[in-house]
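2 protein chains.
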Amino acid sequence: MITVAEAHALLAGLVAPLEMEQVPLAEAHGRVLARDISAGRDQPPFAASSMDGYAIKAAEAELHAMFRVIGESAAGHRFSGALGAGQAVRIFTGAPVPEGADFVVIQENVSAKGDLITITDGPGVKSNIRPAGVDFRKGMTLAAPRLLRPADIALLAAMNHDRVPVTRRPKVALIATGDELVMPGERPGADQIIASNTFGLQAMLAEAGAQPRLLPVARDSYASLATAFDLAQGADLVITVGGASVGDHDLVGEVAAGLGMERAFYKVAMRPGKPLMAGRLAGAAMVGLPGNPVSAMVCGYLFILPMIRAMLGLGADLPALKQARLNAALERNGPREHYLRARVEADRVTAFENQDSSLLTVLSEANALLVRPADDGPRAAGEMVNYLPL
Amino acid sequence: MITVAEAHALLAGLVAPLEMEQVPLAEAHGRVLARDISAGRDQPPFAASSMDGYAIKAAEAELHAMFRVIGESAAGHRFSGALGAGQAVRIFTGAPVPEGADFVVIQENVSAKGDLITITDGPGVKSNIRPAGVDFRKGMTLAAPRLLRPADIALLAAMNHDRVPVTRRPKVALIATGDELVMPGERPGADQIIASNTFGLQAMLAEAGAQPRLLPVARDSYASLATAFDLAQGADLVITVGGASVGDHDLVGEVAAGLGMERAFYKVAMRPGKPLMAGRLAGAAMVGLPGNPVSAMVCGYLFILPMIRAMLGLGADLPALKQARLNAALERNGPREHYLRARVEADRVTAFENQDSSLLTVLSEANALLVRPADDGPRAAGEMVNYLPL
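Protein chains in written order, with our numbering: chain A, 1 to 390; chain B, 1 to 390.
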């Protein structure tokens with residue numbers, strides 16, 4: 001048996017960062033910046049007023065001072081002349097500050113009559129001018145890799161990029177296996193259940209930035225599984241669900257080996273979970289997940305998501321642990337790491353009573369996995385424990 | 001001046017939950033369940049083995065007991081007969097438990113020879129059987145509204161739903177206004193800057209489950225703005241950025257009023273931010289955001305996202321505050337609520353030094369808004385303060 005950390009490292013070693021592609025800026029959100037990108041210009045490109053008011057010389061900014069207004073500077077329409085002593089230029093937020101001006105007195109501190117203005121309130125010391133380049137200078141770099149969030153998209157726009165170099169999304173083929181499965185919406189026979197794992201995994205993978213693809217259910221036959229692997233061609237990662245155990249009916253490993261997979265088979269010391277199968281097959285990484293719904297989703301979270309992140313260039317770290325206070329005591333843990341379905345509310349964590357790995361209702365109500373190390377001692381209510389947010 | 005909470009309530013009052021639509025299960029992730037949905041069957045639909053082993057009678061499950069194996073039950077292929085005294089059925093994980101059996105002895109505790117098996121290790125008291133309906137019963141309900149996460153998608157599949165009733169995505173038209181703006185990728189003139197706010201807002205809105213649409217930049221003219229409002233037809237929410245201030249060049253309010261908007265104009269006591277304009281226009285909600293990049297994004301976060309959530313049926317609550325410890329002292333706050341760009345690392349929060357509302361570089365590095373109430377006293381390093389995660 002290997003630990004979760006060991007299994008995670010072995011699986012992450014099956015993948016590498018994918019190549020770059022260019023996408024339109026409006027589609028770059030949630031993607032991963034693939035190479036450093038730099039600003040083609042200063043922002044702002046000129047000294048700009050941060051207020052509506054009048055541009056004057058700072059040396060003349062005194063209470064009761066009077067000025068003659070000689071023009072106007074609006075956003076997009078600068079005042080083309082230069083400003084002399086005793087002169088002012090009407091100016092609006094974002095507009096270029098005219099040559100010769102180095103102060104903006106805000107309109108609330110001024111009374112205007114015709115083309116004359118008088119400062120009627122102390123103008124203060126703040127110039128109300130944003131220097132050219134105060135946000136960024138030409139050549140300033142946004143460093144890759146970086147998961148692009150809304151503020152990054154705004155920044156890339158301001159830097160004048162309409163296309164963005166991002167890492168290609170990993171293509172993931174999802175194969176549910178088992179004679180007992182029918183697709184949602186079909187009428188199941190008495191012995192049958194609905195394929196659910198691959199739908200949950202598809203959602204999880206899409207959320208993580210992958211491009212998942214659901215293949216038809218593979219039956220428990222060599223031919224059906226071989227067909228499924230064939231349909232998976234072109235994927236960066238092939239995931240089978242079910243059939244990776246040790247029962248007589250677990251053909252997945254046999255078929256994958258027959259197709260040339262260098263097979264690794266890990267017994268991972270964790271609950272929920274079962275042996276994981278993994279290797280590389282025809283240019284793709286391949287992972288066989290257990291078929292119990294909760295095991296499949298938890299293994300997807302712990303092992304598959306880091307592989308996706310590694311392919312996106314974000315590194316393959318396990319998700320970061322958080323801490324909360326136990327709401328109720330826990331008995332001593334056994335020899336396997338345990339990922340208990342739990343709810344965290346207001347920094348207190350409560351494990352669900354029934355931890356059977358078939359219970360999707362419990363997983364659906366959970367918002368965290370309470371993480372217990374192997375052989376963790378009994379824990380009293382109020383103790384701090386680790387969890388992973390879901 | 002009104003408070004952030006008052007402005008938020010006024011804006012939320014401009015919208016209502018949208019209608020329902022049916023989407024395929026594979027596209028339901030991230031959508032909001034619009035009405036309660038119930039299971040059409042029990043899960044599992046039959047008592048099922050949770051292990052690979054042999055189904056027997058619990059009363060006979062004793063060390064050294066021998067059984068004759070009379071058949072096999074695999075997932076999808078039940079054993080059709082009934083099991084008598086001294087008999088066993090080979091059974092695999094997930095397979096129906098045969099009639100007459102109420103215990104599964106795991107294969108590791110058995111030695112098999114031909115069609116005879118002997119229990120070689122204490123079989124324990126755990127039956128290794130999942131009763132029919134242990135996950136859910138026919139009629140069990142998933143309650144709306146509910147943002148559908150991956151585990152919910154798996155659960156809906158197991159309930160046998162291939163289509164899901166969800167709230168329609170809010171259609172949002174985004175209008176950047178200003179003679180100074182060009183689109184990313186264009187060559188700006190000396191007085192011009194790149195439109196960035198609407199790109200950042202588009203990403204923010206898409207992330208929140210809306211369907212944003214970028215309209216062409218509207219110029220500072222009545223005709224151009226009227227055209228933009230015309231192009232926005234069909235949207236549930238129209239957002240303008242810039243031009244909602246009080247300067248001579250702020251035409252947005254004038255044009256919207258001319259088109260029949262019942263206008264509300266709020267001075268919100270907050271930083272960053274400026275007056276917000278809002279109302280209803282031709283069947284849509286309309287909000288005018290300030291044009292400073294950081295103001296637009298922060299107001300989007302505080303005011304627009306709750307409107308999106310309200311339209312999705314999730315309620316219009318402000319995002320929930322979290323707490324962290326101040327890394328460095330803060331001076332007394334002024335009379336307006338302040339949303340400082342900040343970084344939270346390991347439960348300590350640090351406000352950026354330069355809080356100018358034009359700095360996209362600072363917003364892009366921030367992962368939180370440190371929230372200071374109006375007139376909040378000086379705060380020492382180590383004190384707990386509120387923040388909103390970004």
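By construction, these hints were calculated from the structure, which means they are not laboratory data. We put the beta carbon where it would ideally sit given N, CA and C, even for glycine. Among the clues, some could well be false.
Stated by the list, open to error - Estimated spans, in silico, between C-beta atoms of each pair:
no., chain 1, residue 1, chain 2, residue 2, range
1, B, A282, A, V125, 39 to 49 Å
2, B, G234, A, A257, 49 to 59 Å
3, B, G234, A, R68, 42 to 52 Å
4, A, G139, B, L147, 20 to 30 Å
5, A, G122, B, G234, 30 to 40 Å
6, A, A320, B, K267, 33 to 43 Å
Going through the hints against the structure:
Restraint check, A282/B to V125/A: a C-beta distance of roughly 47 Å satisfies the suggested window 39 to 49 Å. The given range of 49 to 59 Å is respected by G234/B and A257/A, whose C-beta atoms sit roughly 56 Å from each other. One distance hint, 42 to 52 Å for the beta-carbon pair G234/B and R68/A, holds here, with the actual separation near 50 Å. In this structure the supplied range 20 to 30 Å is violated for G139/A paired with L147/B, their Cβ-Cβ distance being about 42 Å.
A beta carbon spacing of about 50 Å between G122/A and G234/B contradicts the range 30 to 40 Å that was offered as a hint. The supplied range of 33 to 43 Å is met by A320/A and K267/B, whose beta-carbon atoms lie about 41 Å from each other.
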